[in-house]
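Peer 1: Here is how the chains run, residue by residue.
Number of protein chains: 4
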Amino acid sequence: MFRYRRKAQYHETDQMGIIHHSNYVKWMEEARVAFLDQIGMGYKKAEAAGVVSPVAGISVEYKRPVRFDDEIEIRLTVSKYNGVVLELAYEFYNLTENVLCTKAVSRHGFLEDNRIVSLKKELPEMDGLMVSYIAGQDQNG
Amino acid sequence: MFRYRRKAQYHETDQMGIIHHSNYVKWMEEARVAFLDQIGMGYKKAEAAGVVSPVAGISVEYKRPVRFDDEIEIRLTVSKYNGVVLELAYEFYNLTENVLCTKAVSRHGFLEDNRIVSLKKELPEMDGLMVSYIAGQDQNG
Amino acid sequence: MFRYRRKAQYHETDQMGIIHHSNYVKWMEEARVAFLDQIGMGYKKAEAAGVVSPVAGISVEYKRPVRFDDEIEIRLTVSKYNGVVLELAYEFYNLTENVLCTKAVSRHGFLEDNRIVSLKKELPEMDGLMVSYIAGQDQNG
Amino acid sequence: MFRYRRKAQYHETDQMGIIHHSNYVKWMEEARVAFLDQIGMGYKKAEAAGVVSPVAGISVEYKRPVRFDDEIEIRLTVSKYNGVVLELAYEFYNLTENVLCTKAVSRHGFLEDNRIVSLKKELPEMDGLMVSYIAGQDQNG
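Chains A, B, C and D are the protein sequences, given in the same order. So that you can map any letter, position 106 of the first sequence is 106 in my numbering, and since no number is skipped, the others follow by simple counting. So that you can map any letter, position 57 of the second sequence is 57 in my numbering, and since no number is skipped, the others follow by simple counting. So that you can map any letter, position 27 of the third sequence is 27 in my numbering, and since no number is skipped, the others follow by simple counting. So that you can map any letter, position 96 of the fourth sequence is 96 in my numbering, and since no number is skipped, the others follow by simple counting.
If we strip away everything but chain A, and leave its shape as in the complex, we get (with noise of 0.2 Å):
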């Protein structure tokens, strides 16, 4: 499991006085960004490779609201890879109050010269990464 932690910031609230839920998609972004960064799949490296990976799909379920000055954690963990498709989960927690805020996933696709790709076939050091990363998190938990 991967933990990114953010606090939440004034330009994020609303007029309900909570974070705009908009926000989360955000979040999530910057927590996979640096979880991609961690494992050797971030953005430079797969820029130089030639490959970018297009968010294909989200959802969210918002559970309790986030307050302005809240401390977030950002718990992500691999929940689908099949070297075309890659799918991960985020669960949200608000350290602040101690509670799971939020739910969600996301999905994305492999494009090459705005081609969907295999990174399994076309970038195999790559998908090694991912699922070498993958073997640890099925074994800590």
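All copies of an identical chain are treated as equivalent in the list; a pair is satisfied when it fits inside any one copy or across any two copies.
Within a straight-line C-alpha distance of at most 27 Å, the following computed DSS-like cross-link-like pairs (lysine-lysine) qualify:
| id | residue 1 | residue 2 |
| --- | --- | --- |
| 1 | Lys63 | Lys26 |
| 2 | Lys44 | Lys120 |
| 3 | Lys44 | Lys80 |
| 4 | Lys26 | Lys7 |
| 5 | Lys63 | Lys121 |
| 6 | Lys80 | Lys121 |
| 7 | Lys63 | Lys120 |
| 8 | Lys45 | Lys63 |
| 9 | Lys63 | Lys44 |
| 10 | Lys103 | Lys26 |
| 11 | Lys120 | Lys45 |
| 12 | Lys120 | Lys80 |
| 13 | Lys63 | Lys103 |
| 14 | Lys7 | Lys103 |
| 15 | Lys44 | Lys121 |
| 16 | Lys44 | Lys26 |
| 17 | Lys121 | Lys45 |
| 18 | Lys80 | Lys45 |
| 19 | Lys80 | Lys63 |
What the hints contain is simulated information worked out from the structure, not anything from laboratory work.
Given chain A, work out where chains B, C and D should sit, using these hints.
Peer 2: Just chains B, C and D now, with coordinates in the frame of chain A:
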């Protein structure tokens, strides 16, 4: 079906040269606000009645990228309503490219003094507005 | 004078119950993009000519808050242009409250291949469009 | 001098491949919130005292672009304070590029029940915190 039009703005692009995926969640809200206003359940009316309707969940499926200056039409329908839960479905058409680019769903509850309430029981007038909108929607497609 | 209208959106509010001050900078850009498009110097034309016009500076004076759903008209004038530097002035009128709410200025240069260029010398056609707009603006107020 | 560090995020880029200029206004706020918190005038304390401090004006001078993943340090100083008006100066250093990239200023008043108030008169304790911070700042540079 309710239609909401919107130009994709420069400040909404990212360095992939497309509209950043988090913005679609804001556009869904803009369409929803305009829709609720049109059927007589607008924000100010709900607020005066002491009811807020927070977002309980969203899901977005990104099919085609949207680019700066593209004209987008969001087609909104009520996909579920039982007095307690409201679910809205959104289809994003890129009028500039003449293509369906995104599909999305949002789910909403109703709160009065931080308690979940049934519109049907506590605000029958608003419930009636929604029920009669849905009757018209199902007839006219 | 060029006029651009815009509704203040819910996702632009903050927990003080007003539009967050960072959004005005986005609205200035929206008005500027629409203005340059109208006088024939739109983004796609400039891009085709290989010219970008980054923001060199902004200043914003907030006089009155704007609230969700307020209708805002931005009145844009060219306050300075010498072929190398473009300065635009913005007055934000809150049509819902019938009051001038914000005044702002933005400054812009012109870049070709990352070098500062003079529109007057290198893109005389675009320079001519701006000069003739200003002539009309000064006559008509 | 107060220092605030921040990574430039992917969702803050635009299609020029740089951080969109509107985000700097949000980063200024983040630095300001952290600064006021550190000197004991944090948002929650001010709110408990019934005082809000809206932004009266900003100006930003963009010298060098910032790119995704760059590490930015904002150096904040109090440039003016007289009990009624607070002016803060910001220097943005791009630690990744080792260069001063942006300079900015923000101005703030103080409101109690929507009336402009003097901190010096009505909240002498908070005024004292600011005055003693400034004394230290002027000694230590």
